[in-house]
Amino acid sequence: MITALVHPIEKFVRSERLPHIWCSGCGMGMIFNAFAKAIEELNIDPKKVVIVSGIGCSGRASGYWAYDGFHTTHGRPIPFAMGLKLARPDLHVVVISGDGDLLAIGGNHFIHAARRNVDILVILVNNFNYGMTGGQVGPTTPEGVRTTTTPYGNYTEPPFNAVWLAAASGAVYVARWTVYHLRNLTESIKTAFQMKGFRVIEVISTCPTDFGRRNALPDPLDNLRYLKENAVYVKNPDPREADIVWGKKFIIGEFVKIEGKESFDDRIRRLIEIAQKELRRSDLQ
Amino acid sequence: MMNLVGEVKPGMYFWSGNDAIAEAAIFAGCRFYAGYPITPSNEIAERLSWRLPQVGGIFVQMEDEIASIVSIIGASWGGLKSMTATSGPGFSLMQENIGLAVMMEVPIVIVDVQRAGPSTGIPTMIGMGDVQQAKWGSHGPYEIIALSPSTVQEAFDLTIMAFNLSEKFRTPVIILADEGISHMYEKVVVPDPRDVIIINRKLAKDPNGYLSYKADDDLVPPMAPVGEGFRIQSTGLTHDERGYPSADPEVQNVLVRRLLDKIRKRKHEIIDYRMYKCEDADIVVVSYGSAARSAKSAVDMARKEGIKVGFLQLKTIWPFPDEVIFELAKKVKKFIVAEINEGQITREVERASKGRSEVFWVGNYGGRWIFPEEVLGKILEVK
Ligand code: SF4
Numbered sequence: 551m552i553t554a555l556v557h558p559i560e561k562f563v564r565s566e567r568l569p570h571i572w573c574s575g576c577g578m579g580m581i582f583n584a585f586a587k588a589i590e591e592l593n594i595d596p597k598k599v600v601i602v603s604g605i606g607c608s609g610r611a612s613g614y615w616a617y618d619g620f621h622t623t624h625g626r627p628i629p630f631a632m633g634l635k636l637a638r639p640d641l642h643v644v645v646i647s648g649d650g651d652l653l654a655i656g657g658n659h660f661i662h663a664a665r666r667n668v669d670i671l672v673i674l675v676n677n678f679n680y681g682m683t684g685g686q687v688g689p690t691t692p693e694g695v696r697t698t699t700t701p702y703g704n705y706t707e708p709p710f711n712a713v714w715l716a717a718a719s720g721a722v723y724v725a726r727w728t729v730y731h732l733r734n735l736t737e738s739i740k741t742a743f744q745m746k747g748f749r750v751i752e753v754i755s756t757c758p759t760d761f762g763r764r765n766a767l768p769d770p771l772d773n774l775r776y777l778k779e780n781a782v783y784v785k786n787p788d789p790r791e792a793d794i795v796w797g798k799k800f801i802i803g804e805f806v807k808i809e810g811k812e813s814f815d816d817r818i819r820r821l822i823e824i825a826q827k828e829l830r831r832s833d834l835q
Numbered sequence: 007m008m009n010l011v012g013e014v015k016p017g018m019y020f021w022s023g024n025d026a027i028a029e030a031a032i033f034a035g036c037r038f039y040a041g042y043p044i045t046p047s048n049e050i051a052e053r054l055s056w057r058l059p060q061v062g063g064i065f066v067q068m069e070d071e072i073a074s075i076v077s078i079i080g081a082s083w084g085g086l087k088s089m090t091a092t093s094g095p096g097f098s099l100m101q102e103n104i105g106l107a108v109m110m111e112v113p114i115v116i117v118d119v120q121r122a123g124p125s126t127g128i129p130t131m132i133g134m135g136d137v138q139q140a141k142w143g144s145h146g147p148y149e150i151i152a153l154s155p156s157t158v159q160e161a162f163d164l165t166i167m168a169f170n171l172s173e174k175f176r177t178p179v180i181i182l183a184d185e186g187i188s189h190m191y192e193k194v195v196v197p198d199p200r201d202v203i204i205i206n207r208k209l210a211k212d213p214n215g216y217l218s219y220k221a222d223d224d225l226v227p228p229m230a231p232v233g234e235g236f237r238i239q240s241t242g243l244t245h246d247e248r249g250y251p252s253a254d255p256e257v258q259n260v261l262v263r264r265l266l267d268k269i270r271k272r273k274h275e276i277i278d279y280r281m282y283k284c285e286d287a288d289i290v291v292v293s294y295g296s297a298a299r300s301a302k303s304a305v306d307m308a309r310k311e312g313i314k315v316g317f318l319q320l321k322t323i324w325p326f327p328d329e330v331i332f333e334l335a336k337k338v339k340k341f342i343v344a345e346i347n348e349g350q351i352t353r354e355v356e357r358a359s360k361g362r363s364e365v366f367w368v369g370n371y372g373g374r375w376i377f378p379e380e381v382l383g384k385i386l387e388v389k
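As you go down the protein sequences, you meet chains A and B in turn. Take the first sequence: its letters are residues 551 to 835, numbered as in the working numbering. Take the second sequence: its letters are residues 7 to 389, numbered as in the working numbering.
These aren't lab readings, by the way, just hints derived from the structure by calculation. All clues given are correct.
DSSO-like cross-link-like pairs, simulated, lysine-lysine; straight-line CA separation at most 27 Å:
(1) B/Lys220 to A/Lys561
(2) B/Lys211 to A/Lys598
(3) B/Lys336 to B/Lys314
(4) B/Lys211 to A/Lys561
(5) A/Lys778 to A/Lys807
(6) B/Lys268 to B/Lys208
(7) B/Lys193 to B/Lys15
(8) B/Lys389 to B/Lys336
(9) A/Lys598 to B/Lys220
(10) A/Lys597 to B/Lys208
(11) A/Lys799 to A/Lys778
(12) A/Lys598 to B/Lys208
(13) A/Lys597 to B/Lys220
(14) A/Lys597 to B/Lys211
My request is simple: use the sequences and hints to build the entire structure.
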C-alpha cells in the first residue's frame, strides 16, 4: 500500500508556487514553518489570518502561505496593514518583512504604528543585510562586518537595537528569537496572537548567500551554529541591553509584555461613539 | 445640516470647495480617510475629522503622505471606500503608491488641491501644475482617471463621480482641484440621495476556484472580500490571473494591456465636459479648474464684440478627450488653452488636434488667477 506523505503544514501553503525563491539554507523557511505551526496549534481559522509584507526576501512570504496575502511597496506594509485592520477589526493582520523594509525605508511607519498601538503583529526578520538586492549594509548590520557596500567592513553605519526601538515607541509585546530557537518562536507567535495592540517579534535569521558568505560563515549550518552559540536566553530582559555586537553574545527572550493598553482600533471605535453621542445630543437642543 | 445618523440633509449650502469635497465623499459612501496636513487641502481633513466619526467612519492623521495613501489602499481592500487629500509636495510623495493601487486594482480617491510649484512654491496660492504629473507621475505604463472641478458645485458632483468611477473600474481616481476652487465659497445644492447613482465595487461571490485577477468581459476582476477564504493574492509585482508574480514578458504584456484597456476602451463612460457656444465658433477656448471661470467670462466678453468664439470646459482631464478635441479641430481654426501652468494641457490639445488647428496658450506659472481680460486679450490677438 502506498500512502502519500503530506507535510503537516501543507494546507497552509500554496504548494503550486513551489519551489520558492529563497536560497537553500535561508532562515526564511524556518520562520515560515514556525508561523504556520503556531496558527495550527492555536486553532485559528486560517481564513481570518491576513499577511501583509513589503519588499525583500522575507517580503515574499505573503505569496507562499495560503492565507489572504498582500505584497505591498518597499517599507509600506505597516500603513497598509493599519488601514486593513481598522476596516476589518475581526481579522488577524500580520506584517512580515525584513529589517531594511521595516526599519530603514519604513522606519517612520514602524515607530508611529507603535506609538498608536495599532493592533497588528509585526514579524521583523533581521538577517543583518539587504538580501534581495545582493547584500548591502542595512539599518541592523552590526559594526565591523562586510557587506557589498561596506567592503572594508561596516565602520560607518551603527545598527538599530530594534527591540529597544519597538519598546520605546510603545509596542505592547516585544520579543526576539533566532531561527535556531524555533520552539520559542512558535510559542512566542502564539502568545502574540492572543494579545491586542502593536506586537513585534524580531527573528534573527540567516542569510548564508549574502551575509554569511562575506563574514566567514559560508555554510548555512555555520550560520545556525553562530546563532546557537551567541544567543543567550534571559528571563524578563531589559530592551536597552538588546544590542547586537558581532562575535559577541546577544540576548533573546520576551522583553515587553503589557496587557490592557488600549489599542488604536479601540480608540477609533471609542471616538466614533463619542461623536455619535454628541451628534444626537446636539440634535435634541 | 445633518440627520441623526450624520448624513447631510438635501438642500442648499454655502460651502468652500474643500467643504464640498469632504461632504461629497461622505455622500458617496467614503468611510475611511487618511491624510497628512498640507496647505491648501487642510479643510478637507479638518471637516472629515469632525464628520466621518458621526457616520461611523474612520479618520486618521498619518505620519506622512506615503503612509496616508498606503493606508487607504489597505482600508479599501478592507471594504471601505477610502480617500486622501493633499497638495503638490504630498502628491509627489504619493506617486509610487498610486502605481501600487493601479497594479493591485484598488478603488481609492486622491484629492490634489494644486498650489503654485515646483517644490514648496507658494503654498497658499493657486497653481495647476500637477496635471501632467497626475498622468505620468508613477513609473511604468498605466492609465489614470483625473477630474477637475471649476465650481464648488462641481467639486461636490465630481467627487461623487470620482468614487463611482474608482469603484466601477477598480482604479485610483484623482481629483485635480486647485487652491482657487478649494478656498472659494459658493452655493451648493445637495441632492436627495435617492436621485443620485452610487456605484459600489463588483464583489466576488464564490471562493471556489476564485482567481484574484481574472477579469470579466468588462476587463475588471471582481474584488474578493478579505477574510472569507478567497485566498487573495495581491502584489505590486507583475502577476498572472491568480495574482502570482511572474517575470515573463508575456504575462507583463497581458496584464498591462488589460490595465490600459479597461480605461481606454471604456473612455466614453468616463469623459465629461461642457461645450458652450461652439457651434459656429472659429476659435475655441479650452480650460478646466479655476482657470475655466475666467475663460468662460472672456468668451462671453468676446461674443459681445461679435467674435465667433466658443468654450470647452474639461471636467475629465484623464483619460484625455482626444476625440472631442479632434472633432472640434475639424471645424475651428484656433484653440486657446487657458491654464495656470506652462501649457500642460496645451500640448494635449496640440496632440489631439493632429495639426488641424493652431493652438495657443494663455496663462501664468501660478501664484495668481488668470483674469478674463488676459484670455480676452489672447482671443483678440489671435483672431
Ligand atoms: S539572499 Fe539571503 S535572505 Fe535572501 S533568500 Fe537568500 S539566504 Fe535568504
